[in-house]
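Asks: Protein chains in written order, with the working numbering: chain A, 1 to 640; chain B, 1 to 191; chain C, 1 to 101.
Among the hints, a few may not be true.
Here's a subset of chain A near chain C, in silico, CB distances under 10 Å, partners left out [stated by the list, open to error]: (1) 485; (2) 489; (3) 490; (4) 556; (5) 597; (6) 598; (7) 599; (8) 600; (9) 604; (10) 607.
EDC-like cross-link-like pairs, simulated, lysine to aspartate or glutamate; straight-line CA separation at most 16 Å [unchecked claim]: (11) C:86 - B:182; (12) A:361 - A:630; (13) A:361 - A:521; (14) A:471 - A:400; (15) A:27 - A:144; (16) A:361 - A:486; (17) A:29 - A:110; (18) B:133 - B:144; (19) A:515 - A:436; (20) C:86 - B:183; (21) C:87 - B:144; (22) A:367 - A:436; (23) A:361 - A:400; (24) C:87 - B:182; (25) B:133 - C:56; (26) A:370 - A:448; (27) B:138 - C:2.
Please keep in mind that the hints were generated in silico from the structure rather than gathered at the bench.
Backbone N, C-alpha and C fix where the C-beta goes; we use that ideal spot for every residue, glycine too.
Okay, here's what each chain looks like letter by letter:
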Amino acid sequence: MELFLYTALFSPLVGSLFAALFGASPKTKIAGIVPSALLGVSFLSSLVLLVLVMGTGLTLHVEMMTWMATGDLYIPFGFVVDQVSVTMMIVVTLVSTVVHVYAIGYMDHDKGFNRFFSYLSAFVFSMMILVMSDNFAGLFIGWEGVGLCSWLLIGFWYHKESASWAANEAFIMNRIADLGMLIGIFLVYWNTGTLQYKEAFAVMPSLDNAILTWMGIFLFIGAMGKSAQFPLHTWLADAMEGPTPVSALIHAATMVTAGVYLVVRANPLYNLIPHVGLFIASLGAFVALFAASMALVNRDMKRVIAYSTLSQLGYMFAAAGLGAYWVALFHLMAHAFFKALLFLGAGNVMHAMHDELDPFKMGGLSKVMKGTFLMMTIASVALAGIFPLAGFFSKDLILEVAFVEHHYIIYSVLLFTAALTAFYSFRLVALIFHGEERYKLFGIHPHEAYKFMLVAMSPLLLLAIIAGAFKMSYFEMVSKLLPATEYHVHSAATYWIMTIGTQLLVILAIAYAYKKYTSRDIAVPDGTSKMENSFAYKLLINQYYIPYFYQEYIVKAYRELSEVFWTKIDQKVVDATVDGIANVFYQTGERTRVMQSGNLSTMLKWMVAGTVALLSLAVVFGLAARYSGEIRVFLSGLGV
Amino acid sequence: MFEAVAFYLFAFLTITMFYIAVTTSQALYALSSLAAGMIFISAFFFILGADFLGAVQIVVYSGAVMALYAFGMMFFDTTRDVKEKQGNKAIILGLSILSAILLIVIVSAPIVGNNIEALYPVGNAGNVQEVGKVLFTKYLVPFEVAAVMLLVAMVAGIVLAGKKMDLSLTLMTEAEILMMKEEDKNKKVLS
Amino acid sequence: MEIGLNHYLVLSTILFAIGLVGVMRRKNLLMLFFATEILLNSVNISFAAISHYYGDLTGQMFAFFVIAIAASEVAVGLGLLIVWHKKHNNIDLDNMSTMRG
C-alpha cells in the first residue's frame with residue numbers, strides 16, 4: 001500500500017521535472033501529455049487509497065526518512081493517509097488531472113506551454129505534501145511550496161505589468177499570514193515539544209487555555225492568508241490575472257482551501273477553544289456576505305467567480321468554526337468540483353471571446369457554445385444549492401449546522417448570502433449565454449472549445465451533479481477521525497420549512513437574475529445609468545474601497561517610510577560610513593605611498609622605526625599590566 | 001674579580017671593534033674588525049661556561065663566515081669607496097638609542113623579579129657532553145632540519161654564485177673569451 | 001664587583017644598537033651583511049648569558065641554531081650578491097629601486 005502512497009505523492013513531481021526538461025524549448029505536446037498522464041496515475045493511486053481507507057477503515061502512516069533530528073527536535077518526512085487527507089488527495093488529484101488535460105487545449109497557443117505544465121505539476125506536488133504530511137513542518141513546506149507555485153502561475157504572463165503586480169501582491173499577503181502561521185507552529189512546538197499532529201494534539205488538552213487560544217489564533221492567521229479571508233482577501237480577486245486553468249485549480253479548488261484543511265486538521269485544538277471557533281465562524285459568515293456583495297456588481301467574469309470562491313470559503317470556515325469539521329470538508333470537496341467546472345467554463349468563454357472578460361459584452365453565447373453553456377449552468381445551479389445537485393447537500397448542511405447550534409445571526413447571514421450567490425451566479429450565466437448577442441458589436445466570432453477539453457471537464461460535471469449522494473457514506477468514513485456530530489433539526493416541520501424556504505428563496509433570486517439580465521435593453525454600462533451612480537454600487541464595484549485603503553494608507557505610508565530610510569539612513573549613514581571607511585584607506589594609501597620609495601635603505605629605516613614603535617607598545621602594556629591595580633585606583637580617584 | 005675584569009675588557013673590545021666595523025669606509029678594515037669582534041664574543045661564551053658554543057663561534061664565524069666574506073669581497077671592487085650618502089644622522093642615532101633603551105627595559109624588567117624553573121638543568125658532566133645530550137634528544141628534529149637547511153643553503157650558494165662554472169677561462173681561446181664578453185654586454189643592454 | 005645577568009643584557013643591547021646603526025647607515029650591501037652579523041651575535045650573547053644564569057641549556061641551543069641560520073644566510077646572501085654584482089656591476093643599495101611604488 002505504501003507503493004500507492006508514494007506513487008500518488010511523487011508522480012506529480014516526476015511530471016513537473018519532465019516538463020521542466022523542455023522548459024527552454026518551444027512548445028512540445030509531450031510536455032503537457034506526460035504530466036497529465038502522471039497525474040492520472042496519481043489520481044488512480046489516490047483512488048485505491050480511498051477505497052482502502054473507506055472499506056477497511058485503516059489509515060496509512062509512513063516515515064520516508066528523517067529530516068531533522070537535533071536534540072529534542074525530531075521531524076521526519078512522514079506522510080499519513082487517513083480519512084481527511086485522502087479526501088483532499090482525491091480532490092486535488094482529480095481536479096488537477098482534469099485541469100491538466102484541459103490546459104493542453106487551453107494553453108495551446110501559448111509560448112510558455114512547457115513551463116506552464118512544469119509549474120502546474122510542481123504545484124500539485126506541493127499541495128500533496130501539504131495534505132499528506134503528518135506534521136506541522138511538512139505542512140509548512142507544502143504551504144510555502146503552493147505559495148511559490150501560485151506566485152509563479154499568477155505571474156505566468158510576467159510581461160504584463162498587472163500580472164506580476166498581482167503575483168507579488170498574492171505572495172506578500174501570504175507572507176504576512178505565513179508569519180502568523182510560523183508563530184503558531186513555534187507555539188505548538190514550544191508547548192508540546194513535538195510537531196507531529198498526533199502527539200501534539202494528544203498533549204494539548206493538558207495545556208493552559210490562554211496558550212491554546214494563541215496557538216489557535218496564530219494558526220488561523222496562516223489559514224486566513226492562504227484562504228484569502230478578510231482582511232487579507234484582496235489578493236484572490238487580483239490573482240485572476242493568471243491563466244484560467246490556474247484560477248480553476250489553485251484559486252478555486254485546492255490551494256485556497258488549504259486554510260480550511262488546516263482548521264479541520266487541527267480540530268482537536270479548536271475543539272478545546274470554542275471561543276476562537278466562534279470567531280472563525282463569525283468571520284466566515286461575514287466574508288461570505290462581504291464577498292458575495294462584491295460579486296453582485298463586478299464586471300469581470302473571472303473576478304465574479306473569484307468572489308464567489310471567497311464567499312464559499314467563508315461558508316466552509318463558518319462550518320469549521322462551529323465544530324462541524326466534516327461538513328466543512330464535505331463542502332470543500334463539493335465546492336472544488338463545481339467551482340473548477342465553473343472556472344473552466346469561464347475559460348472556454350474567454351477563449352471564444354478572445355480574452356474579453358466583461359460579461360456585458362457577451363450575451364446569447366448559448367447558441368454557439370452549447371456544451372459550455374450546459375456545464376456552466378449546471379455548475380451555477382450546483383453553486384446556488386438547488387436540489388439535487390452537490391451544492392444543495394453541502395451548503396444547506398452548513399445552514400442547518402448554524403441553525404442547530406443556535407447561532408441565528410450566522411444562520412440568517414448565510415441564508416441571505418445563499419440568495420445573493422444564486423443571484424450573482426445567474427446574473428453571470430444570463431449575461432453570458434442569454435439575451436442579445438452584444439458581442440457582434442465588437443466584431444468577435446466566438447467558437448466552441450476543443451472537444452477534448454469538454455470531455456476533460458465532464459468528470460467534474462458528473463461530480464457536481466452527484467457528489468451530494470455520497471453525503472452519508474462520506475460522513476461514515478470521516479467520522480472515524482473527526483467529531484461525529486450529525487446535525488438534525490429537531491422538529492420535522494421546521495426542517496421542511498427551512499429547506500423549502502431556502503430553495504424558494506434561491507429560485508426566486510435566480511428568477512430575478514434572469515428577468516433582470518436577459519432583457520433586451522441590457523447594454524454595456526457606460527457609467528451614466530442611475531444605478532451606477534448610486535453610492536452602494538460605487539462602494540461595491542470599488543470593493544468597499546479596501547484596495548484603495550491599502551494602497552493609500554499602507555502601501556504609500558510604507559513607501560514613504562522606505563523613502564525616508566533610503567535617503568536619510570541608508571544613503572546618509574550607512575553608505576556614507578562605508579564610503580568614509582573606503583576613503584580613509586584610499587587617502588592613507590595615497591599619503592603613505594611616498595614611503596614606498598623602493599630604496600632599501602629607507603625601508604630599513606622604516607623597519608627600525610616600526611620595531612621601536614612595537615617595543616614601546618610592549619613597554620607600555622607591560623607596565624600597564626604590572627601596575628594595573630594602581631592604575632585602577634588612580635582612575636577611580638579621577639571618577640572614571 | 002677576574003670575571004669582572006675580563007667582562008669589562010672584552011665588552012670594551014667588542015664594542016670598539018663593532019663600532020669600527022659599522023663606521024669605517026674601508027671594506028677591509030670592516031672585515032678585519034668584524035672578525036676580531038667575533039673572536040672577542042667567543043670570550044664571553046667561555047666566561048659564561050658555554051665552552052661548546054665558544055668553540056663553534058670561533059670555528060663558524062671567524063673560520064667559515066669570514067672566509068666566505070673574504071672570498072666574496074674578491075668578486076667586488078672593494079677598493080672603490082662606496083659613497084655613503086647620509087640622510088639624517090639624528091634619526092639613525094635616535095632610533096638606535098631609543099630601541100636600545102627600550103630593549104634594556106623590556107629584557108631586564110621581568111628577569112629582576114621572576115624565578116624561572118630550568119627545563120634542562122646544566123649538569124656537572126662538562127658543557128660539551130651536556131649540550132650533546134640535549135641536542136640529540138629534545139632538539140634532535142630541529143638539529144636535523146638545521147642540517148638540511150645548511151645543505152640547501154650550500155646548494156643555493158653554489159648555484160647562484162657558480163653560473164658558467166663549466167666554462168674555464170684558462171681553457172678558452174682569446175677569441176672565445178672576447179665573444180663571451182660581447183654576449184654579456186648585449187645582454188646587459190637588453191636587460 | 002659581581003657581574004650579573006643585567007650586565008650581559010646591557011652589553012648585548014649596546015651591540016644590537018650598533019648593529020642597527022650599521023643597518024641604517026650603510027649603503028654597501030656587503031657592509032649591510034656585516035651589520036646583520038653584529039645583530040645576530042648580540043642576541044647570541046644574551047642567549048648564552050640567560051642560559052648560564054638560569055642553569056638551563058635551552059638558551060645555548062638557541063644560540064647554536066642562530067649560528068647555523070647565520071651561516072646559511074651568509075651562503076645564500078653572498079650568492080645573490082654575486083649574481084647582482086655580475087648583472088649590475090655594483091652592490092649599491094640606492095641602485096636597487098625596482099620595488100618603487
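Asks: Indicate, hint by hint, whether the structure satisfies it.
Replies: Hints versus structure:
| no. | hint | result |
| --- | --- | --- |
| 1 | 485 | 87 Å, violated |
| 2 | 489 | 96 Å, violated |
| 3 | 490 | 99 Å, violated |
| 4 | 556 | 54 Å, violated |
| 5 | 597 | 6 Å, holds |
| 6 | 598 | 3 Å, holds |
| 7 | 599 | 6 Å, holds |
| 8 | 600 | 5 Å, holds |
| 9 | 604 | 5 Å, holds |
| 10 | 607 | 8 Å, holds |
| 11 | C:86 - B:182 | 14 Å, holds |
| 12 | A:361 - A:630 | 94 Å, violated |
| 13 | A:361 - A:521 | 13 Å, holds |
| 14 | A:471 - A:400 | 14 Å, holds |
| 15 | A:27 - A:144 | 29 Å, violated |
| 16 | A:361 - A:486 | 46 Å, violated |
| 17 | A:29 - A:110 | 12 Å, holds |
| 18 | B:133 - B:144 | 15 Å, holds |
| 19 | A:515 - A:436 | 13 Å, holds |
| 20 | C:86 - B:183 | 13 Å, holds |
| 21 | C:87 - B:144 | 35 Å, violated |
| 22 | A:367 - A:436 | 11 Å, holds |
| 23 | A:361 - A:400 | 39 Å, violated |
| 24 | C:87 - B:182 | 14 Å, holds |
| 25 | B:133 - C:56 | 13 Å, holds |
| 26 | A:370 - A:448 | 8 Å, holds |
| 27 | B:138 - C:2 | 33 Å, violated |
Comparing the model with each numbered hint stated earlier shows that hints 1, 2, 3, 4, 12, 15, 16, 21, 23, 27 do not hold.
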